[in-house]
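Participant: Sequences and hints are given; from them, build the entire structure.
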Amino acid sequence: MSWKNLIDIALLGTDKKTLDVRVLPEGIAEFLELRHAQSPELKLLEAAALTYFYETSGKLPPKFEGEWNDAIIEETKAVAPEEYLALFGRIQLTDYQIREKLLNLWLDVLIKKDQIINSDRVTQLLTEGSGLAIQTKDKILSVIGNKGQWALSLTPEYNYKKQTLDLSLWHEGTSQERKNLFTGLRRTDPGKAMELLQSTWATESIVNKRSFLDVVLETSSAADIPFAEALMAGEFAHTAKEKKTEKECRKLLASLLLKYPVSALYQTTTAQLTPYFAMEKKGLTGWVSGKQKVTLTLPEQDDAFWNAKHMDETFGLDVKGIDSAWFQYPSLFWMSHFLEFIPRDFWITFFNNNTADWVQYFLERETFRVTISGRKESIYKQALLGNLQTHRDTTLARPLLWDMPVTEMLDYFKYMHPDDFEALIEKYGYYGDADVLASGPYGPELSWTLLFSQKVVEKAYHQATQSFPNAMLGKVIAQFADKKVHGDLLRYHEKIKGSNAYDLWNRVIFEPAHHALEIRIRIDDYKLNAS
Amino acid sequence: MNLSEQQVEALSPNSAAFVAGKKLSNKESWESFAKSDRSLWGAIKGSGKSPYLTQIDAVNIAYKCTCPSRQFPCKHAIALLLLHIQNGSMFAVAEEPEWVKEWVDKRASKVEQKPAEPKERTEEEEEQLSKSREKTQASRLSGVQAGVAELELWLCDLVRMGMLDLPNKPQSEFQKVAARMVDAKAPGLAGWVKAFSTLNYGQPDQWQPEALAISAKLFLLLRGLKNYDNLTPLWQQTLRNLSGWSQSTKELLANEEAEAVKDEWLAVGQEVLVTDDEITVQRNWLVGIRTQRTALILNFGTRFSALENNVLPGSVLEAELAFFPAILPERAVLKRQRRVTNQLPGKPVAFESWLAVQTHKVAALQKYPWANDLVVVLQQARMINNDGVWLVADALRHVFPVVKDLDLKKPVRWLSITGNEALDMALVIRDNHVIPLGVIKENTYYLL
Numbered sequence: 001m002s003w004k005n006l007i008d009i010a011l012l013g014t015d016k017k018t019l020d021v022r023v024l025p026e027g028i029a030e031f032l033e034l035r036h037a038q039s040p041e042l043k044l045l046e047a048a049a050l051t052y053f054y055e056t057s058g059k060l061p062p063k064f065e066g067e068w069n070d071a072i073i074e075e076t077k078a079v080a081p082e083e084y085l086a087l088f089g090r091i092q093l094t095d096y097q098i099r100e101k102l103l104n105l106w107l108d109v110l111i112k113k114d115q116i117i118n119s120d121r122v123t124q125l126l127t128e129g130s131g132l133a134i135q136t137k138d139k140i141l142s143v144i145g146n147k148g149q150w151a152l153s154l155t156p157e158y159n160y161k162k163q164t165l166d167l168s169l170w171h172e173g174t175s176q177e178r179k180n181l182f183t184g185l186r187r188t189d190p191g192k193a194m195e196l197l198q199s200t201w202a203t204e205s206i207v208n209k210r211s212f213l214d215v216v217l218e219t220s221s222a223a224d225i226p227f228a229e230a231l232m233a234g235e236f237a238h239t240a241k242e243k244k245t246e247k248e249c250r251k252l253l254a255s256l257l258l259k260y261p262v263s264a265l266y267q268t269t270t271a272q273l274t275p276y277f278a279m280e281k282k283g284l285t286g287w288v289s290g291k292q293k294v295t296l297t298l299p300e301q302d303d304a305f306w307n308a309k310h311m312d313e314t315f316g317l318d319v320k321g322i323d324s325a326w327f328q329y330p331s332l333f334w335m336s337h338f339l340e341f342i343p344r345d346f347w348i349t350f351f352n353n354n355t356a357d358w359v360q361y362f363l364e365r366e367t368f369r370v371t372i373s374g375r376k377e378s379i380y381k382q383a384l385l386g387n388l389q390t391h392r393d394t395t396l397a398r399p400l401l402w403d404m405p406v407t408e409m410l411d412y413f414k415y416m417h418p419d420d421f422e423a424l425i426e427k428y429g430y431y432g433d434a435d436v437l438a439s440g441p442y443g444p445e446l447s448w449t450l451l452f453s454q455k456v457v458e459k460a461y462h463q464a465t466q467s468f469p470n471a472m473l474g475k476v477i478a479q480f481a482d483k484k485v486h487g488d489l490l491r492y493h494e495k496i497k498g499s500n501a502y503d504l505w506n507r508v509i510f511e512p513a514h515h516a517l518e519i520r521i522r523i524d525d526y527k528l529n530a531s
Numbered sequence: 001m002n003l004s005e006q007q008v009e010a011l012s013p014n015s016a017a018f019v020a021g022k023k024l025s026n027k028e029s030w031e032s033f034a035k036s037d038r039s040l041w042g043a044i045k046g047s048g049k050s051p052y053l054t055q056i057d058a059v060n061i062a063y064k065c066t067c068p069s070r071q072f073p074c075k076h077a078i079a080l081l082l083l084h085i086q087n088g089s090m091f092a093v094a095e096e097p098e099w100v101k102e103w104v105d106k107r108a109s110k111v112e113q114k115p116a117e118p119k120e121r122t123e124e125e126e127e128q129l130s131k132s133r134e135k136t137q138a139s140r141l142s143g144v145q146a147g148v149a150e151l152e153l154w155l156c157d158l159v160r161m162g163m164l165d166l167p168n169k170p171q172s173e174f175q176k177v178a179a180r181m182v183d184a185k186a187p188g189l190a191g192w193v194k195a196f197s198t199l200n201y202g203q204p205d206q207w208q209p210e211a212l213a214i215s216a217k218l219f220l221l222l223r224g225l226k227n228y229d230n231l232t233p234l235w236q237q238t239l240r241n242l243s244g245w246s247q248s249t250k251e252l253l254a255n256e257e258a259e260a261v262k263d264e265w266l267a268v269g270q271e272v273l274v275t276d277d278e279i280t281v282q283r284n285w286l287v288g289i290r291t292q293r294t295a296l297i298l299n300f301g302t303r304f305s306a307l308e309n310n311v312l313p314g315s316v317l318e319a320e321l322a323f324f325p326a327i328l329p330e331r332a333v334l335k336r337q338r339r340v341t342n343q344l345p346g347k348p349v350a351f352e353s354w355l356a357v358q359t360h361k362v363a364a365l366q367k368y369p370w371a372n373d374l375v376v377v378l379q380q381a382r383m384i385n386n387d388g389v390w391l392v393a394d395a396l397r398h399v400f401p402v403v404k405d406l407d408l409k410k411p412v413r414w415l416s417i418t419g420n421e422a423l424d425m426a427l428v429i430r431d432n433h434v435i436p437l438g439v440i441k442e443n444t445y446y447l448l
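As they're listed, the protein sequences go chains A and B. Under this note's numbering, the first sequence has 293 at position 293, and the numbering climbs by one with no breaks. Under this note's numbering, the second sequence has 180 at position 180, and the numbering climbs by one with no breaks.
Source of the hints: derived by calculation from the structure; they are not laboratory data. Quantities reported herein were computed from a predicted structural model and do not represent experimental measurements. Among the hints, a few may not be true.
Just so you have them, the derived chain B footprint on chain A, three or more residues with Cβ under 8 Å [to be verified]:
| # | segment |
| --- | --- |
| 1 | 13–20 |
| 2 | 42–55 |
| 3 | 72–79 |
| 4 | 151–158 |
| 5 | 244–250 |
In silico DSS-like links for lysine-lysine, alpha-carbon gap of 25 Å or less [as the list claims (entries may be wrong)]:
| # | chain 1 | residue 1 | chain 2 | residue 2 |
| --- | --- | --- | --- | --- |
| 6 | A | 495 | B | 49 |
| 7 | B | 27 | A | 497 |
| 8 | B | 410 | B | 441 |
| 9 | A | 4 | B | 27 |
| 10 | A | 293 | A | 309 |
| 11 | A | 59 | B | 404 |
| 12 | B | 101 | B | 27 |
| 13 | B | 409 | A | 4 |
| 14 | B | 226 | B | 135 |
| 15 | B | 49 | A | 59 |
| 16 | B | 361 | A | 4 |
| 17 | A | 495 | B | 45 |
| 18 | A | 192 | A | 179 |
| 19 | B | 410 | B | 347 |
| 20 | B | 262 | A | 16 |
| 21 | A | 495 | B | 23 |
| 22 | A | 527 | A | 484 |
| 23 | A | 63 | B | 361 |
| 24 | A | 137 | B | 176 |
| 25 | B | 226 | B | 176 |
| 26 | B | 410 | A | 63 |
| 27 | A | 63 | B | 226 |
| 28 | B | 185 | B | 131 |
| 29 | A | 497 | A | 113 |
| 30 | B | 409 | A | 77 |
C-beta: ideal position from N, C-alpha, C; glycine also.
Facilitator: In structure tokens form, the structure reads like this:
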């Protein structure tokens, strides 16, 4: 208590409160009693000095009263060889664009071999992974062993907890939080997501309903058909006094149903569309080859199918706001909606199952082209790109993207088959364009073919010797090239030594590519050879 | 030479240099590399025509490189060390080339060399020199005494008016008083004043007792300085140190009577701080395996002079340390060093409990009331997370809290290395908290 008394006096000041030495420990009090001549502040400071050491010396460490855990954690998995684990240090040095991919490859091998890292590296790995994707973090959790897991459980600051969705947000969260939760659940547990949605559906506002239906369409599967059909037949069936938002909900539901051939709406719609395709044998060769000429004739005036009432009531499509510069009459506009959602398999039946012919027909037929700002444009290009995106249809990607300007293709390269992508690069000679090369359809396990990789490295070499290589090219090679191209890279590296271009080549191309490829080679060697 | 990557990182001047070195730590980057029983060397392609020649004295850790870098060690030396850690077996044992041999020989002879004999002076010269020294010292002491009087007045004003006003005081007031102490040639006292300005005023429970503790210790120091003339020479020396008189390493090494201790010193931990004046202060804590002595080796770096990294944390230095004279001699310098290894020749003596450590601490305080940063090794220590607060527990379940700003990596490293096994742990006791430094497991010291 005496130290506390001294603090109180010191805080208030000796002008306001004086020290009564009798509250101090006996020895200190006696000592201070003898020093009468001191000012109150000196007396307080002296008392504080003596008491501080008295308290410090007598203060014993307290005994732990909480739950005592002395269980020792043992490892049950084998630690991977040091040579392999040391690769982690090299991965840490690579550029951030490549690092996570390499780290994933390295982790995948450890997981496949059921091995763990040594405890000395746990903090490094946890720190490295703290800002990375959840999937990478999950892999890290698999290789840090029991000790690492235990360490992590006591240090929540590392934020490695499995990302669980907080279901309470469904009832208590804001609209945005609820939408995020629903989107997350649709990806991980679509059944649970729909269960939640249906539990509160009756009380949701129409705006919320539209927002959730948007997510349902984006993440849809055939399992959603009964839900969508029920709403189409009930709540969102057309009524005379319906709101605009209700109509938008119908449009979302109809779009969903048009994606799946098993849905009734798909079947009736495709049956209604079919008569508009006129088939005839295409000249003499057509008779010989069996090829038919197809013509799609869309009515300029309303008919039983193409009319505003039917489009509105069945598909939620509008007639207002159509850009007449693009679509001269409504049926052309409504058609773009069907082209976007109905899958390719339906359309190509009219083109002898030839996707290229289908694409060509809709892109190049004069009726479907308009002149905008002096340029001829296809009115269905966006709809076809939408179809590519909706169905992630690699077969559609090649004919659709083949002749498109590269700036328009970047976002769609990911839907191409890797062989088509390489063929496209070959066609346009984009071997030195890092942006294009990086947009390709490659996941963590896929890489360019060796021949393709060799051409990219060759191009990089020529760029370095003749001009300025693309600043990202080395990193793109590091990420996507076949690892066997490492030999070519070393050969060019020797060849360029001594020339003025060496530094540029070394910095922009060789260093990033060499390190990453070497790491990939070592990871693969360990994956294939070591036990 | 048997170092770990963590040790090389510790001796790197900064993280950028370490990363740059790491990037060059592959055999392709080097034109050649080899080693002898006392050195490593290599040639690496740089931006110039000729390769850079890098060499490392493996006995008395030192580096030399022909590159123009002003960083020390440079990235090439760091790379060579890392390359040796990763691919030691690829280093051919060879005869040192002339450029290596010459440098290592020179260093070895310098280490073995006794400090230069003081210049012989006549009695008259000695007397004159002594008078001149006394005059300088007296002049400085009078300056310090003036500072002491001024500071005591300021401290008395503080407690008279009440410390409740401390959080409202502008920083400029502390800076002004501290500057006055520097003018009075007592920079050590300025440090105590600055301590008031860095208190956590957002936490009354924290700053109020700390403010009084600082006042108490400072008051005792001021009283000691006022009583300077009545004290023993060793106490006078100690108080001069506390008030900020610099200590000359050169004079210490030349002083044959200065205490020197030969031992196998385990470098249990390191702390690097940068002061407001942009001076890098590196604290290296060592524990003598045989003598049970503890030591503190301080290194300093500024913008104009690189930090000398002569102690590798986690390593064992077979060396003789010279201690600066003080009531509780702790600060030391390397006098002679025979070799550096990572092999523990034995376990340092460890306290069996926190109660034993407390007894040790009290004995130190009794001798020297400003004793702080006590280095101890505690037997059977565990780290415990108690509602987010990390504690170090002994076998009897007594606990000591760790410092508030402890790097989270330390407990995680402890947890993952030990798997909750109670092991001997090296720690520094700072005020009422501890800084865990490392653990000993199966005859190996692991830095935390």
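Participant: So, for every hint listed, does it hold in this structure?
Facilitator: Okay, the hints, checked on the actual structure:
1. 13–20: The restraint on the segment 13–20 of chain A holds, since 4 of its residues have a Cβ under 8 Å from chain B and three suffice.
2. 42–55: Since 9 is at least three, the answer is holds.
3. 72–79: Result for this restraint: holds, n = 4.
4. 151–158: holds (count 6)
5. 244–250: violated (count 0)
6. 495(A) <-> 49(B): Holds, at roughly 17 Å.
7. 27(B) <-> 497(A): Holds, because 17 Å separates the two Cα atoms, which is no more than 25 Å.
8. 410(B) <-> 441(B): 16 Å, holds
9. 4(A) <-> 27(B): Given that 25 Å is the threshold and the Cα spacing comes to 64 Å, the pair is violated.
10. 293(A) <-> 309(A): Violated. Residue 293(A) to residue 309(A) sits at ~32 Å, over the 25 Å cutoff.
11. 59(A) <-> 404(B): 19 Å, holds
12. 101(B) <-> 27(B): OK: residue 101(B) and residue 27(B) at ~23 Å, within 25 Å.
13. 409(B) <-> 4(A): Answer violated: residue 409(B) to residue 4(A) is near 35 Å, above 25 Å.
14. 226(B) <-> 135(B): Roughly 19 Å separates the two Cα atoms, so the pair holds.
15. 49(B) <-> 59(A): Not satisfied, since the Cα-Cα distance of roughly 67 Å exceeds 25 Å.
16. 361(B) <-> 4(A): Within the cut-off at roughly 23 Å; holds.
17. 495(A) <-> 45(B): 16 Å, holds
18. 192(A) <-> 179(A): Holds. Residue 192(A) to residue 179(A) sits at ~14 Å (cutoff 25 Å).
19. 410(B) <-> 347(B): Holds: residue 410(B) and residue 347(B) sit about 21 Å apart, inside 25 Å.
20. 262(B) <-> 16(A): At roughly 57 Å apart (the allowed maximum being 25 Å), residue 16(A) and residue 262(B) break the hint.
21. 495(A) <-> 23(B): Judged against 25 Å, a Cα distance of about 22 Å means the pair holds.
22. 527(A) <-> 484(A): 16 Å, holds
23. 63(A) <-> 361(B): 18 Å, holds
24. 137(A) <-> 176(B): Distance ~51 Å between residue 137(A) and residue 176(B) Cα, so the pair is violated.
25. 226(B) <-> 176(B): 22 Å, holds
26. 410(B) <-> 63(A): OK: residue 410(B) and residue 63(A) at ~23 Å, within 25 Å.
27. 63(A) <-> 226(B): Between residue 63(A) and residue 226(B) the Cα gap is close to 41 Å, so the pair fails against 25 Å, i.e. violated.
28. 185(B) <-> 131(B): Answer holds: residue 185(B) to residue 131(B) is near 20 Å, not above 25 Å.
29. 497(A) <-> 113(A): Cα-Cα ~41 Å, so violated.
30. 409(B) <-> 77(A): Between residue 409(B) and residue 77(A) the Cα gap is close to 23 Å, so the pair holds against 25 Å.
In this structure, the hints that do not hold are numbers 5, 9, 10, 13, 15, 20, 24, 27, 29, in rising order.
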